[in-house]
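Undergrad: Here are the chains, one letter per residue:
Protein chains: 2
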Amino acid sequence: MIYPPFIDGLKNESKQHRQVISSHNPKTGEKLVDQYPVSTFADLETAVNNAQFAAGHLGTSLPEKIARFLETYAENIEANGDEICRMAALETALPYEPRLKTIELARTTNQLRQAGAAVRERSWRMATIDSAANIRSMYGPLNGPVIVFGPNNFPLAFNAISGGDFAAAIAAGNPVIAKAHPGHLSTSRLLAEAAWEALDAYGLPRGTVQMFYHCAPEDGLKLVAHPNVAAAAFTGSRGAGLALKQAADAAGKPIYLEMSSVNPVYVLPGALAERGEAIAAEFFGSCTMASGQFCTNPGLIIVPQGQDGEKFLQTAAALFQNNASGPLLSEFGAANIQRSLSVLQKAGAEIVIGGTGDGFRHTNTLLRVSGEAFLVDPAGLQTEAFGPVSLVVMARDAQEMTATAASLEGNLTGTIYSDSQGSDDDAYDRLAPVLATKVGRLLNDKMPTGVAVSPAMVHGGPYPATGHPGFTAVGIPASIHRFAALRCYDNVRQHRLPPELRDENPTGDMWRLVDGRWTQENITSEIAN
Amino acid sequence: MIYPPFIDGLKNESKQHRQVISSHNPKTGEKLVDQYPVSTFADLETAVNNAQFAAGHLGTSLPEKIARFLETYAENIEANGDEICRMAALETALPYEPRLKTIELARTTNQLRQAGAAVRERSWRMATIDSAANIRSMYGPLNGPVIVFGPNNFPLAFNAISGGDFAAAIAAGNPVIAKAHPGHLSTSRLLAEAAWEALDAYGLPRGTVQMFYHCAPEDGLKLVAHPNVAAAAFTGSRGAGLALKQAADAAGKPIYLEMSSVNPVYVLPGALAERGEAIAAEFFGSCTMASGQFCTNPGLIIVPQGQDGEKFLQTAAALFQNNASGPLLSEFGAANIQRSLSVLQKAGAEIVIGGTGDGFRHTNTLLRVSGEAFLVDPAGLQTEAFGPVSLVVMARDAQEMTATAASLEGNLTGTIYSDSQGSDDDAYDRLAPVLATKVGRLLNDKMPTGVAVSPAMVHGGPYPATGHPGFTAVGIPASIHRFAALRCYDNVRQHRLPPELRDENPTGDMWRLVDGRWTQENITSEIAN
Chain A
1 MIYPPFIDGL KNESKQHRQV ISSHNPKTGE KLVDQYPVST FADLETAVNN AQFAAGHLGT
61 SLPEKIARFL ETYAENIEAN GDEICRMAAL ETALPYEPRL KTIELARTTN QLRQAGAAVR
121 ERSWRMATID SAANIRSMYG PLNGPVIVFG PNNFPLAFNA ISGGDFAAAI AAGNPVIAKA
181 HPGHLSTSRL LAEAAWEALD AYGLPRGTVQ MFYHCAPEDG LKLVAHPNVA AAAFTGSRGA
241 GLALKQAADA AGKPIYLEMS SVNPVYVLPG ALAERGEAIA AEFFGSCTMA SGQFCTNPGL
301 IIVPQGQDGE KFLQTAAALF QNNASGPLLS EFGAANIQRS LSVLQKAGAE IVIGGTGDGF
361 RHTNTLLRVS GEAFLVDPAG LQTEAFGPVS LVVMARDAQE MTATAASLEG NLTGTIYSDS
421 QGSDDDAYDR LAPVLATKVG RLLNDKMPTG VAVSPAMVHG GPYPATGHPG FTAVGIPASI
481 HRFAALRCYD NVRQHRLPPE LRDENPTGDM WRLVDGRWTQ ENITSEIAN
Chain B
530 MIYPPFIDGL KNESKQHRQV ISSHNPKTGE KLVDQYPVST FADLETAVNN AQFAAGHLGT
590 SLPEKIARFL ETYAENIEAN GDEICRMAAL ETALPYEPRL KTIELARTTN QLRQAGAAVR
650 ERSWRMATID SAANIRSMYG PLNGPVIVFG PNNFPLAFNA ISGGDFAAAI AAGNPVIAKA
710 HPGHLSTSRL LAEAAWEALD AYGLPRGTVQ MFYHCAPEDG LKLVAHPNVA AAAFTGSRGA
770 GLALKQAADA AGKPIYLEMS SVNPVYVLPG ALAERGEAIA AEFFGSCTMA SGQFCTNPGL
830 IIVPQGQDGE KFLQTAAALF QNNASGPLLS EFGAANIQRS LSVLQKAGAE IVIGGTGDGF
890 RHTNTLLRVS GEAFLVDPAG LQTEAFGPVS LVVMARDAQE MTATAASLEG NLTGTIYSDS
950 QGSDDDAYDR LAPVLATKVG RLLNDKMPTG VAVSPAMVHG GPYPATGHPG FTAVGIPASI
1010 HRFAALRCYD NVRQHRLPPE LRDENPTGDM WRLVDGRWTQ ENITSEIAN
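Taken in order, these protein sequences are the chains called A and B.
Numbering of the first sequence is given in our numbering, commencing with residue 1 and proceeding in unit increments.
Numbering of the second sequence is given in our numbering, commencing with residue 530 and proceeding in unit increments.
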């Protein structure tokens, strides 16, 4: 069966003569039977028109309505959770339990509920009031759709139709046009169905949430540059991300990218001596979980050369070798890894273990290189291999460790393991300030996989890990600000102000920055209007 | 005399064979005697290297030191205020009093002091703490210089070496490389001298604040894309801004632009009947002050057609005609206005009064067009004429007014005048939601010139007024966030955290978002580190 996209009011003609695509079962490599259309640009424009109408509607909707949509959507996902997770397991080969059902589904609905709570509570708007001057400002919606491109590695929690970008864009009051990932088309369809049910339940226009399955690459570029599109968000490969960025930039549209990252992990000598074996086990777990296909996968680990370093490498290599790797998410997965391995080897890295693969399968792979060699070609040796692959850098000393940190590109995360007795403190103090400038999140003593949905989380970082160092893709309320415009009301009469900026606090618990103080109080001083 | 740029450590060779430029006296059109070099790219790279060193130094400097630099710089400017303002008056023909000395100088030093206070108080960092998960984040510096390009119209308060962008970039902890505007080179030199004196007083490296006077346009593009440059800020024409944006975007560098804006002013029928003459006088004052060369100049005013509208136009036209215009800031000023007038006329506007000029002089100019004609070519009729020029649109009714608002590009401001008795309320309610989506700041009943330095101010707006709708160029702390990176510390041991993120509040009055509550308190719960 060919399923239509979630775009209201498509004309029949536009459904004809389309190409179709299907997802695969990564375990068998077989193409699944459900077929999905490659949408024409005319269909995408219909989606944009629907979304423009929806943007006007959302702009005048009560926060309560948007909040309840998000919460009902979460309920609908849970109600159909078995089917959704079974489908996701089929399309991605990620384990139904605990990964999809207990962990990722819960994370997804939790994110949607957090977004709903933020919409209702409204502190995300950062209402700022200068009562003497009667100037008041806050974040508001962008007044147009946000185009969301999701990645292949989280079919639920980062799905363009249900993940963090989706939740943030909707919470800011914007419609979303999601592009399903070809790796999990039917999972995306089930989610979109749950979203439309929730829209219908609250009388929100279907243009609020739309989804198409695929389009010609040039149509994707045209879409993010469309005059009536407000912004875009992308999670995926650097090549695709930068192409979209160029198109959006040229049209003056904000775009938020989460691209490649090797997530360097530094193990200082004291930590290595103290608990090298335990760290090797943590490293193995973090690097090979879900076949290593995490944005925050530790793809680069820097240890001191010498006896402890060699022992660490041997311990890790044994774990990498003795545990079978799982299937990859994409039929191109192994070929992409092979291409990266070839770049890494040309740049001087040697394969210690693994290094082979085909189609949906690739062996767990460890490479090694000296710190000296790393510093000769740091760009080549930071090539990301999206899978259960990591490069171990054997550094001569603390100074060389710091030099490797200085040679890094922007990354999502950077980790330092140090000992518990303080013998690593000097090395830490030299390394950390350098590493901190290269990453969005600095960790101590734990692997970078696992991105908590916390208001303090930063899933971001300097270019080219992302497109802008001032934002995060995970964590509410901060992630919402990506999809918001700052709006100021200067000398506007009290009854014409948005409720959030009137003297009376409309929720009673919304935080506002009033005359330099964060407060939940009403404003009682008299304002001359 | 040829003055060298404020770049430490320039080699002698690089000073040879340079072209030089000079500012003019707009009153006489004469070139001033002081000469300033066109810097080579090698010299700009020296500045970047100096700034890289300074960035490292600032990253480890106490906030107190940066705050005192900003405050001492403000004091130095005041101490030399007479000379600076006399020079600015000579170079720009803006009145020494009250404009430059009483208003703009005070605004400038006030901004620097507000930035200093923000650095000391630290709430701008938006420290966010999840105490249970021990995840903590805040805004920090970008770790590289910010290149600032200032405009011609505020030789002090928006000067690249002393204005709002400068203050915000330094407050975030970044070095600044300023490009002086050719219209006020000597004023910029006097300011830079005051800045270096203040740097020296606190032992901050001179790479913290540098200034060059001019460079080849292609070198400016290379500069904002330089691998060691962190970000850029530009205030000026759309053409130059978009060229810089393209270069910065391609290199993955954030750039903040404040470009053209016609700042539509809507006068609703009741307001026109109630106080049309007073509004005409306000309009005249706002549009011709400083020869109309404000970013927020009301270049477009929409009034109801008919008797009241014609009377308004006559009143305004008389004021425009009976008051002589002042000199323009640039020798190209009149030619640029003439070019814009030609576009406006081709698009259907008719000149009511004025319309002539040459060099530094242009007559006060009013044009008119029907609302119907405006809607035929809204792009052409939004052409900015940077000077004492405005286009009066005669709208048939409230519906046509709203239609013109819907056809607007992004603007810095939008204004609505309505009557005091409520007869305009229906028209306001239809117009305001449309206009609000097109502007950064919506005003009631006052002209848009006059941008208060308030935490609630938004001097920003949708593209192409600026490059990003989520930021403001004026108002502390929000303007600082443009030049900051979000940095997260996950499971980092207490003593290794930046002071702002430790359990104890280091200033006692810094606001932090702790477990969902804004507070100035210490964190007393036990954190397992």
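No lab work stands behind these hints: they were computed from the structure.
For glycine and all other residues, C-beta sits at the position ideal for the given N, C-alpha and C.
Watch out, some of these pointers could steer you wrong.
[Said to hold, decoys possible] Taking CB as the label site, the calculated pair distances span:
id	chain 1	residue 1	chain 2	residue 2	range
1	A	Leu32	B	Ala571	36 to 44 Å
2	B	Ser949	A	Asn110	33 to 41 Å
3	B	Asn1020	A	Gly508	31 to 39 Å
4	A	Leu62	B	Gly979	49 to 57 Å
[Claimed, not checked] Chain A regions said to be covered by chain B (calculated; three or more residues, Cβ under 8 Å):
id	region
5	86 to 92
6	192 to 201
7	306 to 319
8	393 to 399
9	454 to 465
Undergrad: Look at each hint and say if it fits the structure.
TA: Okay, the hints, checked on the actual structure:
Range check, Leu32/A to Ala571/B: Cβ separation about 60 Å, and the 36 to 44 Å hint is violated. Take Ser949/B and Asn110/A: their Cβ atoms lie about 50 Å apart, and the range 33 to 41 Å is violated. Between Asn1020/B and Gly508/A the C-beta distance comes to about 35 Å, which sits within the given range of 31 to 39 Å. Taking 49 to 57 Å as the suggested C-beta distance range, the pair Leu62/A and Gly979/B does not conform, at roughly 34 Å.
Under the rule that three or more residues need a Cβ within less than 8 Å of chain B, the assignment of the region 86 to 92 of chain A is violated, with 0 such residues. With 0 residues having a Cβ less than 8 Å from any Cβ of chain B, the region 192 to 201 of chain A misses the three-residue criterion, and the hint is violated. Check result for the region 306 to 319 of chain A against chain B: violated, 0 residues qualifying (beta carbon to beta carbon below 8 Å, three or more required). Requiring three or more residues with a Cβ within less than 8 Å of a Cβ of chain B, the coverage given for the region 393 to 399 of chain A is violated, as only 0 such residues are present.
Using a Cβ-Cβ cut-off of 8 Å, 9 residues of the region 454 to 465 of chain A lie near chain B, which meets the minimum of three, so the contact claim holds.
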